[in-house]
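Engineer: Just so you know, the sequences run in chain order P and Z.
Mapping to our numbering: the first sequence position 392 is 392, numbers consecutive.
Mapping to our numbering: the second sequence position 19 is 830, numbers consecutive.
Take the hints with a grain of salt, since some may be wrong.
What the hints assert, rightly or not - Simulated crosslink set (EDC-like; lysine to aspartate or glutamate; CA at most 20 Å straight-line): (1) 731/P / 842/Z; (2) 48/P / 19/P; (3) 927/Z / 710/P; (4) 747/P / 758/P; (5) 717/P / 928/Z; (6) 657/P / 1068/Z; (7) 717/P / 854/Z; (8) 780/P / 868/Z; (9) 634/P / 524/P; (10) 968/Z / 714/P; (11) 780/P / 928/Z.
What the hints assert, rightly or not - Partial selection, computed: residues in chain P whose CB lies under 10 Å from chain Z: (12) 711; (13) 723; (14) 731; (15) 732; (16) 735.
Derived from the structure by calculation, the hints contain no laboratory data.
Please read these numbers as outputs of a predicted model, since none were measured by experiment.
The beta carbon of each residue, even a glycine, is placed where N, CA and C say it ideally should be.
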Amino acid sequence: MKIFYYIFFIFALGLQAQEFGTISGFVRDQATGEPLSYANVFIKDSNKGGITNLDGYFVLTQVPADSGEIVVSIIGFAMVTQKFYLEANQNLRLDFRLQQTVLEGEVVDVFGEAQKMRNLVEPSRVSIDLRTLESTPAFIEPDLFRTVQLLPGVQTLNDFSSALYVRGSTPDQNLIMLDGITVYNPYHLGGIFSTFNTDAIKEADFHAGGFPARYGGRMGAILNVINREGNTEKFEGHANISLISSKLLMEGPLPKFKGLKGSWMIAGRRTYFDTFFNAICGEACDDEGFKFPYFFYDYQLKVNIDVNQDHRLTYSRFYGDDVLDFSFKPTVDEYYDINSDYYEKSTNTFGIDWPWGNHTNSLTWRWLISPQLVARTFFATSRYRFHFDMDYKYEGTWSVGNESGNYLDQWSFDFYDYVDDRTLETEISWHGIENHQIMGGLQLKKVDYDLGMEFEYKNLDTTYYAKPLEMKQQTIETSLFLQDRWKFSPKIDLQIGGRIMKYSLHNKMYIDPRFGLKYLLQQDLSLKFSVGRFHQFLTIANPEDETLRLIDYWLGIPADRAAPWADHTILGIEYLSGSNWLFRAETYYKHFENLITLNQGEQVTEGNDQVSTTPFNEFFDTRAFAYGLELLFKKTAGASRGWIGYTYAKTMKHIQKHGWYHPKYDRTHTLNIVGDYTVPFFNNLHFNYAVQASSGQPFTPPIGRYNHFEAYHDPIKSDLYQNEQFLVGEKNADRLPIYFRLDLGLKQKKSLFGFPYERYLQLINVTNHVNPLSYQYRAKENRLTGETLGLERAAVPMFPFFFTAGYRIEL
Amino acid sequence: MRYIYIISIFFFSCSIVPPDLEWEDVTSDHESTLNIIGLISTDSLRTSFVKVQRTLDMEEATDSLIRDTIGSSVYIYYTSRFIVRNAEVVVSNGVNDYIFEYTDFSYDVDMDKVFKEVYIYNGDDLNPQPGEIWTLNVLVPGGLEATGQTIIPPTPKIFTENLPDTFQIFREMEMSWLPMNDNYQLINSDHLGEYGSDDYFYEKNYLCGINQEYIISPEESSAIFRREWCDPEFNEPSWNEDILLFSLMSMDNNYYDYFIRYRDAEFTSSFGSGGSGRNFGINGGIGVFGSIAIDRHSMIMIP
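Can you make the complete structure from the sequences, with help from the hints?
Structural biologist: What follows is the structure, given as structure tokens:
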């Protein structure tokens, strides 16, 4: 009897298997052919649905073999509905092209937004597209990092930095990727702008924490920037000039060749102020040999080749550099004294050459092995370097009577950091089991670090060479990950995974478990929870108290130090209202261990060495924790859109020297209100605004004065000398005043003789509020007696009020 | 149709309005603590002393303007408000207590140096011995109080029997001394002649000048000495001989930490040099209570 039961069971399974099929395909922008990620794809009148991945690819498995209607929607595009008939065991390929709509219209599909919300399991994730970047008030030009800084959970250091401090994590703890390639110095102009040309960006995926197992090697946040693929339909070009830079973007389809199809995109940007200045300066500068010392450039190239329906090759490149080149023509001096017949001729040269930037290349092969099985293999190189080179030379000849001679004084100073990253990665996504999306992969990352400092002095008699800093490391990170997105029940989604890593300088394996849960309380109301461990194998050697951060000094974690790690725990709730407001509240706790903080500033004499602490290889053992509450109200459609974000956060670090203290980037309260409003009764007029308010940053104030004594040791006349110094209290025990900034903007599209153009006005810091970067001090003196009465301070201000305005002509 | 941008023109407002600097007093509620520099010396040519000062908060003036009328003359001068002039300072070796008295101005034993604004012992029975533990008690009317402790270092010894009779410029000479297991020492030299007083140090691949010091680590017992004038003029044989004086000083760990190891400011900030107010051998205040011992040797120095 049992045998018949088993036979029936197997037969029933077989019957079931034959009643289903698979639907898969790509969703693209009709006008450009760009893939649309996070597009919602679902079967009408069923609970079968999903979202497209970053390649615009979707797959629906276990779809009942029958006729039906498939709906594809994404905010900003018109919804598409298509009837289909699916046979049993059929893999039906359906590709869709969606047409753009205007954001402020009422035809936007709210239902689609809800579907997206229902599908994402991990909390703390925001997607930023080009439209969001262009509608956010811009500091001179749109910038990705500046927009991300306005999101809850993200702190800023000051107006001059676009670096991201996320939930207690420092910028080195964030993984910044461009088309999957790690970018080690994603800044231009010393951090004022990010290195990403917004014209080339399709979208950016930002995870503030709790990211799944496919990402690893960082403790903080993930920002994955995806470049446009290029217009597959026609050639297009864009060019514009801003106050800072001139940009050019070109894109188009690849020439069709032997059935190959594809697209390409190239975008470049360069500052032009140096060219403009040198042209204006003209002869005056030529005589001195002076030229404006600074410029930056970057260019991005992306080529996609569809070998066939299942194979795609993508080549992506990014080159960007900042260059500071400060030099004068050699100055020649001559001197002759007729009385003594003394003649001297000397030459003086000085120069600073300082390039820094990133060069990346990647080749990706995507293979649709089957509709349920997608493989992606990726090889990338990312090279970061800065090299500060300062040279001085003073040489000459002299003669008096029959005697003559020469002299030479020459020194050079070099400070450099090179990071060479080569990564090979394979990732496989499998949708073969119903209710499971399984992904696994292997990553090999070879990173070489070279951080050094050299000094050389030369004269006619002597050559002196020193290399006070030399830190070279060759490291390999090997990672294996597996994750499963499991629809446990109609109301519960789980994302379970883990990552196993081996760091070549350590003799152990590291395991990072990750767990995420989403519970659908109601149709548009969900509860999210995430917990995980995150290891990291590199750090930066920047002083943690630096006010202006020009560059990062990257180091691998040394062999004698344990790898830093952090545990994230996140609990959140999300709700999408009927009037298209997204409300999210999240609370998080992060705990950090094995962090290292640079031992900065203090000089210690050991034996006869004047200074024993070299700049970058002495660290304090550090641990930290961070917790907070974030609230986000976001409206993505309608005449008025934008978001309000509030963060309550606390971050504490501990090093033995100071005990527990607030780091410089800790701000207790942060409120950001960002919006874009279509002004009624005016044609195409947009008013945008950004309000930023936050608690002041911590700093260490002087609390008193005392005399410090130095001993002059001499066998005959030893003595004591005193010098007045300031007494400081606990580290970062005081706070700068509250930060507040209001930016406003107007933008309007118009037309003149059939040529469309755009005019705009941006007002930065409208209230001219003084936001201190730090304090400057001066002695307070009695002007009559010269007596020192104390100390005075004044805030060093950041951005004052200023505005930019202009026109952008379109053809 | 997608727009193609040809040119966009920006112009930058010349009306950037940087706000005026607003200066404000730096205030604090810091409570004054004692800042003590105390030194016990076994050397008869180095007087033991204790300097007692206090820290000031940010609003206090560092000096007081004093106007004294003596007879028909009016004297106006500043006195430091750091200095504590009315403290009870007691130094003890566990057997005897020695009361140090305040003096505004006093000559040192060699009459070549003055003590100003210090507490010194006016008796002649202060006789610290190596290995002894000496303590310090400072009590100021009004409540400020601090204590200190130092262990007298071993007496240093230059092994002179191996030294030549004269020291020749440019030539190397090996010196050896009694090594110490737990204490640092410092050896330095100077000459008594008048020329070369403007000698200075600069680094070629070695130091130059006669006045140089060398820190001796524990267990270190010898070193090679070589001297030459930094100014080439003095290296010519325009002088016949001079007296070179060596001084070998042993120190306790408190002295070494305060005056050698951490002699530079902890940090430099926008408000100047600063520190957290370290203490070495002091409780209840900042500063140092240390001790030293000295051995000397003189040699004829020849070109």
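Engineer: Any hints this thing doesn't respect? Which numbers, in order?
Structural biologist: 11, 15 and 16
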